[in-house]
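Participant: Listed here are the chains, written in short residue letters.
Protein chains: 2
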Amino acid sequence: MARWQPRARERLERAALALFVERGYDATTVNDIAERAGLTKSTFFRQFADKREVLSSGQDILIDLFRNAIAHAPPSATAVDCLAAALESAGPLFTPERHELALQRRVVVALNSELQERELLKRARLAAVIADALRERGVDDMAAHLAAEMGVLAFSTAFARWGNPGNRAPFTTIVLTTLAEFQTRAKMLSDKV
Amino acid sequence: MARWQPRARERLERAALALFVERGYDATTVNDIAERAGLTKSTFFRQFADKREVLSSGQDILIDLFRNAIAHAPPSATAVDCLAAALESAGPLFTPERHELALQRRVVVALNSELQERELLKRARLAAVIADALRERGVDDMAAHLAAEMGVLAFSTAFARWGNPGNRAPFTTIVLTTLAEFQTRAKMLSDKV
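These protein sequence lines map, in sequence, to chains A and B.
When you line the first sequence up against this note's numbering, it's residues 1 to 193, in that order.
When you line the second sequence up against this note's numbering, it's residues 194 to 386, in that order.
These are computed hints drawn from the structure, not numbers from a lab.
Quick reminder that beta carbons are idealized off the backbone N, C-alpha and C, glycines included.
One thing to keep in mind: the hints can contain errors.
The following residues of chain A were derived to be distant from chain B, with all beta-carbon distances above 12 Å [unchecked claim]:
1) S42
2) D60
3) V107
4) N167
Mimicking SDA-like on lysine to any residue, the simulated pairs with C-alpha atoms at most 20 Å apart in a straight line are [as the list claims (entries may be wrong)]:
5) B:K315 <-> A:K187
6) A:K187 <-> B:Q376
7) B:K244 <-> B:N224
8) B:K244 <-> B:R200
9) A:K187 <-> B:R328
10) B:K315 <-> A:A124
11) A:K122 <-> B:Q376
Build the full structure now, drawing on both the sequences and the hints.
Facilitator: Rendered as structure tokens:
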């Protein structure tokens, strides 16, 4: 078998998520995943460190995109403008072909407390990256942290909305609308419910 | 030795933190902690499930206080008023005698990545509790989540400030000031830096 497999990563990811849904995350082995994808175990390990990493696919790319978008936002950009630029930059990762994976992912994570913990840690890492990037633009520490939490909330809310079978708008549209909704809330927290 | 030891919990907590700072968290055993406190291992296990739990001491009490304060805030209270009530209700936990423990705690956690992960999970749990309590008052889902993140940021920032040897103001004063500072930031996120 050739060492290089076209689209091996995506095939493995699809096979893994399908199996996680069918058999449960814990009961699925790397062997199962490779077999379902029609690839070898060593091909799997060239793409992922372990089965858990399949669910973190794209996290590093996302972090780079966010960091870059915030660093290169125009000098006149406000903190929210920077968040919008970051979230918008992630759009190309969320192609229509990935809708199904997002839904499967949600089901798998919802059923496994260890995976839920990993999600929380990933969220925290994302927030830290956004806060750092904002601080480097001169946003003060407290505002940077608060904005970062709002950015992560907008991202995760939008991701859930986008993964929803009833919602077929592009991710970019969804995420910018979601951010604007949080922005309104931020201004209203001191208002009467 | 009597089964019941006065202030056993606090003595164990102080012994544990002192040892974690001196020898490192990983190198300290439950035996070491009990010995330093002048208590038995079985007394330790009547108070804590394991040494990690020593560092989560008070988390459940904090959660109950937050939940209660938000539930019983006056009907006219805004989301930020509810956060203020929650944070203020935690004041009695942070007595002057605990200053030193807060500082030791920070040192220990800063040196151990596993403990940092636990801290992030505790923060997430606290945010979830606040968001739930606000939702039960009729705050909409997005506002509840955003307010909860702001509350947790205010709490953790205030805890760090209070633990700082240079700051001897009461926790309640510090946390309400910190919350007000975040509240100002929330309104300004859309303004030019």
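Participant: Hint by hint, say whether it matches the structure.
Facilitator: Status of the hints after comparison with the structure:
no. : hint              : result
1   : S42               : holds, 30 Å
2   : D60               : holds, 18 Å
3   : V107              : holds, 20 Å
4   : N167              : holds, 16 Å
5   : B:K315 <-> A:K187 : violated, 27 Å
6   : A:K187 <-> B:Q376 : holds, 9 Å
7   : B:K244 <-> B:N224 : holds, 10 Å
8   : B:K244 <-> B:R200 : holds, 17 Å
9   : A:K187 <-> B:R328 : holds, 18 Å
10  : B:K315 <-> A:A124 : holds, 12 Å
11  : A:K122 <-> B:Q376 : violated, 26 Å
Of the numbered hints listed earlier, those contradicted by the structure are 5 and 11.
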